[in-house]
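Visitor: Given these sequences and hints, build the entire structure.
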Amino acid sequence: MMDYVELLRNLLSYHKEAPLMFNSPEFLFLGILVMSVYAAIYRNKLSRTLFLLAFSLFFYYKTSGFFVLLLVATLVVVYGMTRWMNHCKGWGRKVWLAGVVTVVLAVLGYFKYANFLGENVSLLLHLDFHRLDIFLPVGISFYSFQLLSYAIDVYRRELEDERNFLDYAFYITFFPQLVAGPIVRAKHFLPQLKKPVTVKRSEVEKGFFLIMIGLVKKSILADYLAQYNDLVFGNPMAYSGAETLMAIYGYAIQIYCDFSGYTDMAIGMGKMMGFDLGINFNKPYQSTSLTDFWRRWHISLSSWLRDYLYIPLGGNRKGKFRTYLNLMITMLLGGLWHGANWKFIFWGGMHGLGLVVDKLWRKITRGRLEGNFFARILGWFITLHFVVALWIFFRADSFSTACLMIQRVFTAFDWTIVPVFYQTRSLFVWLLVAAVLIHAIPSSRFSKVEQAYIRTPFLVKAVAFILLIQCILQLHTSEVQPFIYFQF
Amino acid sequence: MDNNTEKEITPVPEQPPAQEPPEQKKQRKRLPAIYWGYLMLLAVTLTLFSFYALKADDTTFSFELKKMELPSYALAAASGREAVPDSAAPAEAVAESAAEPVEQVWADTAAVIKEKHYNYPFADEPDDDSCSVRFLLIGDSMNEFLRIRLNDYCIANGYKMHCVIWYGSSTKQYGTCDTLAHFIRKFKPTYVLLTIGANELFIRDIIKHRTPYVQHIINQIGNIPFVWVGPPNWKNDTGINELILSHVGSSRYFESKKLSFKRCSDGAHPTKSSAFNWMDEIASYLSTSALHPVVMNHPDTTYNKIPHTTILKMVR
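Sequence lines, in order, name chains A and B. Our numbering applies: residue 19 is where the first sequence begins, and numbers increase by one. Our numbering applies: residue 5 is where the second sequence begins, and numbers increase by one.
Hints were generated in silico from the structure; no laboratory data involved. Nothing here was measured: the structure is a model prediction, and the numbers come from that model. Hints may contain errors.
Sample of chain A residues with no beta-carbon within 12 angstroms of chain B, all distances over it, derived [as the list claims (entries may be wrong)]:
hint : residue
1    : Thr67
2    : His206
3    : Val222
4    : Ile273
5    : Thr306
6    : His356
7    : Leu396
8    : Phe404
9    : Ala407
10   : Gln425
11   : Val427
12   : Ile435
13   : Val467
Capping the alpha-carbon separation at 16 angstroms, the derived lysine to aspartate or glutamate pairs in EDC-like fashion look like this [claimed, not checked]:
hint : chain 1 : residue 1 : chain 2 : residue 2
14   : A       : Lys212    : A       : Asp185
15   : A       : Lys205    : A       : Glu176
16   : A       : Lys205    : A       : Asp294
17   : B       : Lys309    : A       : Glu178
18   : B       : Lys71     : A       : Glu44
19   : A       : Lys218    : A       : Asp310
20   : B       : Lys309    : A       : Asp185
21   : A       : Lys212    : A       : Asp248
22   : A       : Lys205    : A       : Asp179
The beta-carbon is built from N, C-alpha and C at its ideal position, and this holds for glycine as well.
Guide: Structure, rendered in structure tokens:
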């Protein structure tokens, strides 16, 4: 006999070991409920906002438990301070903005960086430091940046402060983008809430198509590639250089598919409900320079860093040296945003250095090589391998493990293992190839594929979706893999 | 900060929505049919996969059609049980709720097993030479964390080890092929640790269905000292523990079911720290109670290193 009360109690409660994720059966069930209710009430603005706000908070509770209260408290405080700021002029505005920035960064700093800071200070001063038992609330870095951008935009008078608290809270907590982005700007999202929501057939179709693409990227490609990558990154000494190299390329594809897959699902869900969340990835591994890469990778973060850090620092307006210094500071902090660990700071710093070299190179060549086909190919090759090499440091447990992996690629490369590798891990190779091909599809072609999907009879789409779910089940490991960017 | 941040702008009051053409307004008022279509599709998909996940028989097709892993509480609610099954064996686990109580099946099985006596060619002489032990830890997914802790012991005691994980495997898989013999030939272990059985806690008529496999597994080990680590039961089994014990004897069988574990979200696998404690208990057994004792000095720390591991996946 089914115990429905117990089932409901479990469904509504938070399970620390199994947070709610887009690619879990629980979310499928909740998604159906939400979409059904949304369909009934979406025309009424107040009902729609209240319902989606309530569900978004519940969604956050299912991923982070009672840290949902921290989210609510932070957004209430920021809302109040921003409103006060808007009533002030001159220094008063600056003080209130400083207050908002302090509050948001203090919360983020405590939960994300307290142990890191404590460990490093104690190391410097030879003190005894015991790690604090601090749980990192999921998505805190993402919503903190959204809160900051909202307050700064109001301060700059690029945005009217939002008088409707519900709209503001809905913007911050909208569940598809709450825990892993994209970092949606208030000036892009809030105006959408003022207009009547129109759910068009083409947008619903495109949204569902994006969700399917996201599932393929995350649950098939990223999760399957992760199985082998984890083995090699966990014990690089046990693998030859060729096998290590495959894991390095594998991880580059894995992190792209994992994060962009999540983003695709988030954007797709937004579209199905009539909201536009913007774009977050634009074929980053096709970049021909590092500057180009950062215009294509995690666009919402890189544009955030540009608008709220790089440009306020002076951008490129204060001479060459300051430009390069500003780039380094921006990328170092961008690295630190990813996690409280020296490896992320190193990763960010190296990207900063790469951007400086890229800018210097452009100055030297004066852009004369930009149209040259061979220069573009060479630029693509160098950029790709620079990015891929830095992913090793991003993923490896330690600096020494990362160095060991690179060393093994160059000193323990055994060509004879290649056919054996293909024999034993042919699916890994084929999925890697499939991921590269998906990434290589030009945007114009992608639109054609999207249009072809829309034109396909619904029955075929339904069968394709069911087959996709079964494919995911056939390839998946013992449990649903968390999204990599959840930890940031 | 830029100079333009201080510029004043005229506050714009919230604009009422512009007048829409009647046709557009009419269209906006109803959701397109495709929206309902997709909702229906999601509902059908969830129903289809949930029912299949709860279905006992997993051999509908000539190949293994994997099932959706429902949350452990959903499985428990559906089968009216308190505990949850191993992710690798939901079908068997769910099947047991339908008929005779497990306790009764276990009692019947244990009574029959008591009468049985088996003879194997393996060495029965105690061996206390453990100066250069090379472990082969082989079995199912329970090795995920056990291997890390065993590796700590190996580092602390100067031993070597290899690990083989065959996800979702049971005595059926190891007992119908020469995989174990192959890895024994390959790694030449001086001590074998078997961790098989967690995926067959709820098999009915276990003596009939599993005895040949257990015999084949033991025969593959030959004269090499070994210990069979029993499954960490999350619920009473139908006799797999007694069956293996009857074949290998208590000096080669570590009965994990007597321990209590903290479980992962699947409700079956011990958590990392719990698995570490489990390995500590196994190590203690190996050095004191095993027929072939091995010095297992407790490591001062955990190195958290994954030892050399071969991963196998299920193929039909």
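Visitor: All hints are to be evaluated individually against the structure, with a verdict given for each.
Guide: So, going through the hints one by one against the coordinates:
The beta carbon of A/Thr67 is kept farther than 12 angstroms from every beta carbon of chain B, the shortest such distance being approximately 14 angstroms. With a cut of 12 angstroms on Cβ distances, A/His206 stays outside the contact zone with chain B, its closest approach being about 17 angstroms. For A/Val222, the non-interface assignment is contradicted: its Cβ lies about 5 angstroms from the closest Cβ of chain B, within the 12 angstroms cut-off. Look at A/Ile273: its CB is around 20 angstroms from the nearest CB on chain B, clear of 12 angstroms, so calling it non-interface holds up.
No beta-carbon of chain B comes within 12 angstroms of the beta-carbon of A/Thr306; the shortest separation is about 31 angstroms. With a least beta-carbon separation of about 22 angstroms from chain B, A/His356 lies farther than 12 angstroms from that chain, consistent with its non-interface assignment. Every CB of chain B lies more than 12 angstroms from the CB of A/Leu396, the least distance being 38 angstroms, so the non-interface label holds. The non-interface label for A/Phe404 is consistent with chain B: the shortest C-beta to C-beta separation is roughly 29 angstroms, beyond 12 angstroms.
Non-interface status of A/Ala407 relative to chain B is upheld: no Cβ of that chain comes within 12 angstroms, the nearest being about 23 angstroms off. No Cβ of chain B approaches the Cβ of A/Gln425 within 12 angstroms, the least distance being about 18 angstroms, so the stated non-interface status holds. The Cβ of A/Val427 sits about 19 angstroms from the closest Cβ of chain B, beyond the 12 angstroms cut-off, so the non-interface label holds. Every C-beta of chain B lies more than 12 angstroms from that of A/Ile435, the closest at about 15 angstroms, which supports listing it as non-interface.
Against the 12 angstroms criterion, A/Val467 stays outside the reach of chain B, whose nearest CB is about 18 angstroms from its own CB. The suggested pairing of A/Lys212 with A/Asp185 holds, with an alpha-carbon distance near 9 angstroms, which does not exceed 16 angstroms. Proximity of A/Lys205 to A/Glu176 is assessed by CA-CA distance (about 8 angstroms); at most 16 angstroms being required, the pair is judged to hold. The suggested pairing of A/Lys205 with A/Asp294 holds, with an alpha-carbon distance near 12 angstroms, which does not exceed 16 angstroms.
The suggested pairing of B/Lys309 with A/Glu178 is violated, with an alpha-carbon distance near 54 angstroms, which exceeds 16 angstroms. Only pairs whose Cα atoms come within 16 angstroms are accepted, and B/Lys71 paired with A/Glu44 is accepted, the gap being roughly 15 angstroms. Taking the CA atoms of A/Lys218 and A/Asp310, the gap is near 33 angstroms; set against the 16 angstroms cutoff, the hint is violated. With a CA separation close to 49 angstroms, the supplied pair B/Lys309 and A/Asp185 exceeds the 16 angstroms bound.
This hinted pair does not check out: A/Lys212 and A/Asp248 have alpha carbons roughly 46 angstroms apart, beyond 16 angstroms. Restraint check: the Cα-Cα separation between A/Lys205 and A/Asp179 comes to about 10 angstroms, which is no more than 16 angstroms; the hinted pair holds.
Violated hints for the displayed structure, listed by number in ascending order: 3, 17, 19, 20 and 21.
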